[in-house]
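J.: Here is what each chain is made of, one letter per residue.
Protein chains: 8
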Amino acid sequence: MEQQEIRDLLQQVKEGAVSTEEVLMRLKLEPFEDIDIAKIDNHRGLRQGASEIIYGASKTPEQIDVIARKMYEGGQRTILITRMSREAAEYIDKDLPFTYYADAKVGLVGQMIEPRQKGYILVATGGTSDIPVAEEAALTAEILGNNVKRVYDVGVAGIHRLLAHTEDIMNARVIIAIAGMEGALASVIGGLADCPVIAVPTSVGYGTALGGVTALLSMLNSCASGVSVVNIDNGFGAGYQAHLINNMEG
Amino acid sequence: MEQQEIRDLLQQVKEGAVSTEEVLMRLKLEPFEDIDIAKIDNHRGLRQGASEIIYGASKTPEQIDVIARKMYEGGQRTILITRMSREAAEYIDKDLPFTYYADAKVGLVGQMIEPRQKGYILVATGGTSDIPVAEEAALTAEILGNNVKRVYDVGVAGIHRLLAHTEDIMNARVIIAIAGMEGALASVIGGLADCPVIAVPTSVGYGTALGGVTALLSMLNSCASGVSVVNIDNGFGAGYQAHLINNMEG
Amino acid sequence: MEQQEIRDLLQQVKEGAVSTEEVLMRLKLEPFEDIDIAKIDNHRGLRQGASEIIYGASKTPEQIDVIARKMYEGGQRTILITRMSREAAEYIDKDLPFTYYADAKVGLVGQMIEPRQKGYILVATGGTSDIPVAEEAALTAEILGNNVKRVYDVGVAGIHRLLAHTEDIMNARVIIAIAGMEGALASVIGGLADCPVIAVPTSVGYGTALGGVTALLSMLNSCASGVSVVNIDNGFGAGYQAHLINNMEG
Amino acid sequence: MEQQEIRDLLQQVKEGAVSTEEVLMRLKLEPFEDIDIAKIDNHRGLRQGASEIIYGASKTPEQIDVIARKMYEGGQRTILITRMSREAAEYIDKDLPFTYYADAKVGLVGQMIEPRQKGYILVATGGTSDIPVAEEAALTAEILGNNVKRVYDVGVAGIHRLLAHTEDIMNARVIIAIAGMEGALASVIGGLADCPVIAVPTSVGYGTALGGVTALLSMLNSCASGVSVVNIDNGFGAGYQAHLINNMEG
Amino acid sequence: MEQQEIRDLLQQVKEGAVSTEEVLMRLKLEPFEDIDIAKIDNHRGLRQGASEIIYGASKTPEQIDVIARKMYEGGQRTILITRMSREAAEYIDKDLPFTYYADAKVGLVGQMIEPRQKGYILVATGGTSDIPVAEEAALTAEILGNNVKRVYDVGVAGIHRLLAHTEDIMNARVIIAIAGMEGALASVIGGLADCPVIAVPTSVGYGTALGGVTALLSMLNSCASGVSVVNIDNGFGAGYQAHLINNMEG
Amino acid sequence: MEQQEIRDLLQQVKEGAVSTEEVLMRLKLEPFEDIDIAKIDNHRGLRQGASEIIYGASKTPEQIDVIARKMYEGGQRTILITRMSREAAEYIDKDLPFTYYADAKVGLVGQMIEPRQKGYILVATGGTSDIPVAEEAALTAEILGNNVKRVYDVGVAGIHRLLAHTEDIMNARVIIAIAGMEGALASVIGGLADCPVIAVPTSVGYGTALGGVTALLSMLNSCASGVSVVNIDNGFGAGYQAHLINNMEG
Amino acid sequence: MEQQEIRDLLQQVKEGAVSTEEVLMRLKLEPFEDIDIAKIDNHRGLRQGASEIIYGASKTPEQIDVIARKMYEGGQRTILITRMSREAAEYIDKDLPFTYYADAKVGLVGQMIEPRQKGYILVATGGTSDIPVAEEAALTAEILGNNVKRVYDVGVAGIHRLLAHTEDIMNARVIIAIAGMEGALASVIGGLADCPVIAVPTSVGYGTALGGVTALLSMLNSCASGVSVVNIDNGFGAGYQAHLINNMEG
Amino acid sequence: MEQQEIRDLLQQVKEGAVSTEEVLMRLKLEPFEDIDIAKIDNHRGLRQGASEIIYGASKTPEQIDVIARKMYEGGQRTILITRMSREAAEYIDKDLPFTYYADAKVGLVGQMIEPRQKGYILVATGGTSDIPVAEEAALTAEILGNNVKRVYDVGVAGIHRLLAHTEDIMNARVIIAIAGMEGALASVIGGLADCPVIAVPTSVGYGTALGGVTALLSMLNSCASGVSVVNIDNGFGAGYQAHLINNMEG
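Going down the list, the sequences are from chains E, Z, X, R, C, Y, U and L.
Using my numbering, read the first sequence as starting at 1 and increasing by one per residue.
Using my numbering, read the second sequence as starting at 1 and increasing by one per residue.
Using my numbering, read the third sequence as starting at 1 and increasing by one per residue.
Using my numbering, read the fourth sequence as starting at 1 and increasing by one per residue.
Using my numbering, read the fifth sequence as starting at 1 and increasing by one per residue.
Using my numbering, read the sixth sequence as starting at 1 and increasing by one per residue.
Using my numbering, read the seventh sequence as starting at 1 and increasing by one per residue.
Using my numbering, read the eighth sequence as starting at 1 and increasing by one per residue.
This is chain E alone, in the form it adopts within the complex (with noise of 0.2 Å):
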């Protein structure tokens, strides 16, 4: 089945014209590609509205440089690759449009989707050591057609630093907040900005900051409304959510 044709008729569905249960079993004639290392779903890309993405953690750089190529001979144009090792960034196919970026250890196969929003996405941390999973999210939702505004480093203990962010703070349409230790960054921003907040806690700390469930707990516990809240270190789910809410048609 081809790409187009899929979504036709995942297209039907919307508008009610098939069932839920037919698409679900003519899908199932040929639901994924099995390349014996792994099973390439097709469907969550479409399912989920996404570009293809591929979580680099526990996969070999093998697997992954067989898996980036099946997608892109496949037509993919947007291969989004995750917790991806340098060791291997560095073994993907010549041949292929790579980009890697190191310090979010996030891989590009292809190029970043052009942005549908003016608007933008602003991602901010606590402190610098935040910020490998601040571009993990940043990164992600750039990737996927967002644009994104960084400030780093305006952690509450220097309350003015993040003031004088204050209006990018109120302009963003949505914002991701990142922080590790006690983990009141979201807060202080859930209070400001007037947009949903997602944070993130990150495992910066030590001692009773637990691996980053102090500022896990902290942020669940936001005084602020409108603040929800991703694993420790999720730089990417936060991103990947971002860019649903921020491409939400009006």
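Worth flagging that the hints you see were computed from the coordinates, not collected in a lab.
Quick caveat, the model's predicted, so the values are computed rather than measured.
We put the beta carbon where it would ideally sit given N, CA and C, even for glycine.
Any given hint could be a false lead.
What the hints assert, rightly or not - Below are the BS3-like pairs computed for lysine-lysine, each with C-alpha atoms no more than 27 Å apart in a straight line:
{"#": "1", "chain 1": "L", "residue 1": "Lys118", "chain 2": "L", "residue 2": "Lys149"}
{"#": "2", "chain 1": "Z", "residue 1": "Lys94", "chain 2": "Z", "residue 2": "Lys118"}
{"#": "3", "chain 1": "R", "residue 1": "Lys118", "chain 2": "C", "residue 2": "Lys118"}
{"#": "4", "chain 1": "R", "residue 1": "Lys94", "chain 2": "R", "residue 2": "Lys70"}
{"#": "5", "chain 1": "C", "residue 1": "Lys70", "chain 2": "C", "residue 2": "Lys94"}
{"#": "6", "chain 1": "C", "residue 1": "Lys118", "chain 2": "C", "residue 2": "Lys149"}
{"#": "7", "chain 1": "Z", "residue 1": "Lys118", "chain 2": "E", "residue 2": "Lys118"}
{"#": "8", "chain 1": "U", "residue 1": "Lys70", "chain 2": "U", "residue 2": "Lys118"}
{"#": "9", "chain 1": "Y", "residue 1": "Lys70", "chain 2": "Y", "residue 2": "Lys94"}
{"#": "10", "chain 1": "L", "residue 1": "Lys70", "chain 2": "L", "residue 2": "Lys94"}
{"#": "11", "chain 1": "L", "residue 1": "Lys118", "chain 2": "U", "residue 2": "Lys118"}
{"#": "12", "chain 1": "X", "residue 1": "Lys118", "chain 2": "Y", "residue 2": "Lys118"}
Unchecked claim - Some chain U residues well away from chain Y (every beta-carbon gap over 12 Å; in silico):
{"#": "13", "residue": "Ala89"}
{"#": "14", "residue": "Gly145"}
{"#": "15", "residue": "Thr214"}
Got chain E sorted already, so can you dock chains Z, X, R, C, Y, U and L onto it with the hints?
T.: Relative to the frame of chain E, chains Z, X, R, C, Y, U and L by itself:
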């Protein structure tokens, strides 16, 4: 300072006509009406684009009544009161237009705001015990001006009950997935939906349900992308963020 | 041994005129008045430079009454009773000069000590639910002879409310920052102040607030320097240490 | 005492011909072969009706080799070695019939037992990272004489992948559901199956996955009936119990 | 659709005559009887081969009565109600054939199913305080059609009391081992038995018993093979799984 | 803006001559020197009355060198570097006046500030393993201009060793009590002292020491008044707060 | 079998005259008197050399009365009942010689055993709130035939109060150190004593006292040698073990 | 002060001839030999009646060598070194009479003390992985002058292996029960023994063994009386307390 005046001021900030600092300073002149038992913070509403909200949990019936009355007299026509006891509900001044939703412990002084968006927010629960939290979420969203579709008791142990609502899931603009016990609902819905999903763990369960912590942890580790999480039993928080997302300008 | 006598003795220790061991041995001759239901420890007060303090939580009204009366008869003119139930307050001998602060569950037999210091201790809270703990802290400090300035309900989700008190913060000699939920207040105040900050987590909140543990962890991981922490809801402990700091000899 | 002899004895217990005490006492005469580095417990096998099992985790290659050889010389023809390092595998006496399953860290001296049951045990995983644990479970069951059907990478975030195996699930005699992260697989399978389900949480995930504790808690709180749980990453335990269940006499 | 009809349909699935999808779709036409206060899910019973079960914990006496009556009128002759309060038991329609087991908080509308299996499920407890949980397990199994042998108060601190039942243990088809405090019973029984053992931790104990968490952890780490675990105090879950195992076709 | 200028400005704030807002706005014009790899925040030092501090843990040797050099060139004569690796210490520009304290992992560019106070801060440890943390605390205090008296290895299991220092304790102006394992030192010292005590739990210990959490909990529950606590192993934080307290104006 | 008979039998075991197995088997013939509501286990007493003990926590007044009466009629003259409610105490048959110790919730049917040892067990507490647990420990020891010296309210925050009892500590044969909050008493006593110390954490405290867990952790990490620990609030357990130690034959 | 002198002094304390305070003061004159790298505390040994003990974990080989040599030169003939690395063992001065027990990481300078007691301490383990901890306990006891009987690998999953040692258990004077995983050994032994049992949890296990916490919790909740517990892996602590108990004067 009149409300319209403040709104104009805020608009200027967004347009960059005046600096945030200027506004903050001007607002500081009359930042909240101090009615002795509470500081009525008109700013928060302004900053966050919502009607007034009273968190009823730590307030006496008398206090809630006074605050709500003051607000109503001040021109507010949609005042949402969360975690409101029946006792407090009965205490509310009979002259005020007041509705009490006992299940959700939600009170409304004035009326619901008319939805601007045609689409709907889907509120789904794993079981019937999750309904009070779900109603808090649903009513929050409805009062703030959103269409809500409720799909209750569709826990994953009977997956066909959930799949029967696949179309509801695929057509939603935002989904609030509410579950206690093992909280698996968020992952399954997250995998089916292509819109933002806000997961709410509930304190339903016993033993190792740990008062909702198990559902929370489960939701934070959802293998589906695009899921974020709020505090245990925080229906209001989810409803509020869903409202912000649903009203994004495209 | 008369109080003045003991004071002289203690002074000699500080001057090195007598060894600590000598004093300990002498004190041991009459270390506490045993009134059957309690050992009235006159030493602690001496050692720690404070008036007498009765921890009311685990004592019956009768016991508190007897102890307080004995102390008063012994010449004590400032007797602070913490965690005192209303029932216990009503039981206190009507002949004693007694004041009860119901919010803080603090009782005072005798009168407050006159402040020696012109400056003040600032007591700030994130929300109104934190006020009982704050009052325990504030009254402890006032009774022990300190000026106290109260700034309540200045949680970080409405940062402008806190910033409106920047001068209060910058001019304080010691600050007690009290908050439940995510406890971010300590970090923001810690960043603004150049004096010692004592943070008090409170048990305010629900779900993952974990009865104050989240606020505690948050405060221990404050990214601001100069912040230390006491036990959950321990207003007395914070007030007591603030008193010691405020009365440092320059 | 010869093996057959012991077996007869045990049979008599079951028939009530001799009392347990008598047997225990007789067995006590030669309870285990003490080969210095280990007490080879022939009883356990007898009592529990399984072939011999060596838990390799805390033993040196030399020790495993000696124990396995002794057992083989003693007539054992199916010796399962779990948590066996590659180093230990390479050390095994070349004269022994030996197979090493590197993924599962399982070694087999001798051969697999022929299945008595035609039906199969289904081993399902949420992701590919769970496969090592799954293989430990599957090989344990196969070696002990069971047919096994593997269904890997069917996590609930792509529910259609799991539903594609509905018939496999409904026809299984026992199911082992293996998942890390949020562990929701157990609940969904538990709801679809009408046979016993043994859930195995794995340590796959990061941050709040808490090394498998989240998946464990999730599985213990499964809203489906008929699900029980073993320790984190305990593929062997699940495979062993599944074997016992699969071989129940009708 | 009549029950027999559904049963036939399900049988066809097992034989592969119709696909699961077909069945799911057909069942979807009348998936549950919606009696307003509940969705009576006739499917679950079908799918899982059990009679109807009502989880009474979160339902009012009125609700339980209505549901049970509807089921009984629908032809159900064995309706198990768990976690049923005495109040709810007294509310049940006097015309229904009803038995209440107060210790176990179990109600039965109709009668127990006749056991198909001659062998028995052994239900053992460490102490007398564990008996309510044990009775929930035992009655669940009995009502679903199993012989049950009870061996209570055989905790490992008096090992001779347990050993006196060695024959009962060795002859059981399935064992449910129930204990609070340190939960050691599961390990000792697991070592003596050659059948599947389901361990149920109970919330019996104080201090570091942690409401059953200690027993749970202990059971998950049992050094005996063939032990799996259910949630704290989940007697029903254990009884249900034991029933599934006991009725395996050989 | 020159440093003297800023200092004058700040002085005016304290005197009320200018409002805080004015100052904040003026400072905002040149808030930090952006040297690309870091934002050198000259404000924090100003606001908090300390010399410059570099937190070395998350910075490369190159980064530390550049920042320290920039600061030194900017006129700073006391630059404290905490959590500095030996590698980073060796990388520091040889032209800078630099001292490295290997035990404490503390570096000093420039020289210690002369103490204004005659009295001393007492730094006490329970064991010898706590010394690195103690040295971080002691050097922080010394570098910032305080006299420090060290009393190490005086754990409460040998109470006479601690009592031998009773006079040191009674004469101290501030005490930093540092201990791992059960952390009882803080309580005993807290009972002997009449000055503020800052307790530092350390990660010394094994098993249930839980990496310092046990000592932390113990210190938070000290039965002595006047004890507050900082994060595990946070010698710097304790030294810094002790410095603030020691330099209170009387 | 008469008690003397059993005692003789047991003696023979110790002398090696008969094997344990023989005894176990003989005892099995009449292992416990089954009085329907309880299995009166005469063995435990025999095996462990103590008089009879009834754990009252989970028994009704009627049950306790019946069991105690049966035991008394069976010749027992020292029956210790722990965790006995006042209600149960009042229910005890008036014909039985009965004493109730309300503080400790301990009941005694018959009389205390005469001490064989001249020396004493020291029972020390940190505060007055620990006294109920201490009395359970002290009475357990006294009833079983031991001299007990009580030293209450000697918490380490007033170390001179504890040191005033140095001789009591150094002359004790066994010490039971009981404390809540930070539990430091065990370490200080452990350092002063040269006899075994049994530490009992209590649930006294609030916030991070965590219901006794903090004191427990603290005691397990005592830096003094020779300290072991029992469960939170387990005065009986400590008293019982102290009794065993005190009556060691030299 | 010569050792004999100190011993005499201490004897006088016990007899009441001199007061403790006098002795403490006299001892204070020369409390410990300060050899720069350590304060050799001759008091602890005196106070606690043991030979010298060096805790090797946090000391360099050089430090251990110097301390041991100093002690030996000072006349000590039994110096126990715990947690001693092989590297440290090899560094010890060849002129010293030294033995290293690699399994237990125990070093001995000089010789074991002759046992005064004929009876023995039983050291039992659940598995072979627990042996290093057991050997630390056993050697501690032996070096301090006690007979030790070892019974290893008698975990409760093979209860007959443990019962085979019933006589060893019933004849022991003190028992040290060592186990990881579920730690059930302590309860079973506690039920069989009539002497004090000291339980040692070990960090053996994986997943929910939680590094020994599960075994610890299990042991603290032992349903057998007379069991107390030490820290995880603390073989020394158990051996030391067993030594104190075994040498009680009758």
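J.: With reference to the structure, classify each hint as holding or not holding.
T.: Here is what the structure says about each hint:
Pair hint L:Lys118 plus L:Lys149 holds up; C-alpha atoms about 12 Å apart against a cutoff of 27 Å. The straight-line distance between the Cα atoms of Z:Lys94 and Z:Lys118 is roughly 34 Å, outside the 27 Å bound, and the hint therefore fails. Restraint check: the Cα-Cα separation between R:Lys118 and C:Lys118 comes to about 23 Å, which is no more than 27 Å; the hinted pair holds. Restraint check for R:Lys94 and R:Lys70: the C-alpha separation of about 14 Å stays at or below 27 Å, so the hint holds.
Annotation: proposed proximity of C:Lys70 to C:Lys94 holds, straight-line Cα distance about 14 Å (limit 27 Å). Annotation: proposed proximity of C:Lys118 to C:Lys149 holds, straight-line Cα distance about 12 Å (limit 27 Å). At most 27 Å may separate the alpha-carbon atoms for a hinted pair to count; Z:Lys118 and E:Lys118 meet this at roughly 23 Å. Distance hint between U:Lys70 and U:Lys118 is unfulfilled; the C-alpha atoms sit about 33 Å from each other, more than 27 Å.
The straight-line distance between the Cα atoms of Y:Lys70 and Y:Lys94 is roughly 14 Å, inside the 27 Å bound, and the hint therefore holds. About 14 Å separates the Cα atoms of L:Lys70 and L:Lys94, which keeps this hinted pair within 27 Å; it holds. The suggested pairing of L:Lys118 with U:Lys118 holds, with an alpha-carbon distance near 23 Å, which does not exceed 27 Å. About 23 Å separates the Cα atoms of X:Lys118 and Y:Lys118, which keeps this hinted pair within 27 Å; it holds.
The claim that U:Ala89 lies off the interface holds: its Cβ sits roughly 33 Å from the closest Cβ of chain Y, which is beyond the 12 Å cut-off. Taking the minimum C-beta to C-beta distance to chain Y, about 32 Å, the non-interface status of U:Gly145 holds against the 12 Å cut. Not every Cβ of chain Y is farther than 12 Å from the Cβ of U:Thr214; the closest lies at roughly 4 Å, contradicting the non-interface assignment.
When the structure is compared with the earlier hints, violations turn up for hints 2, 8 and 15 and for no others.
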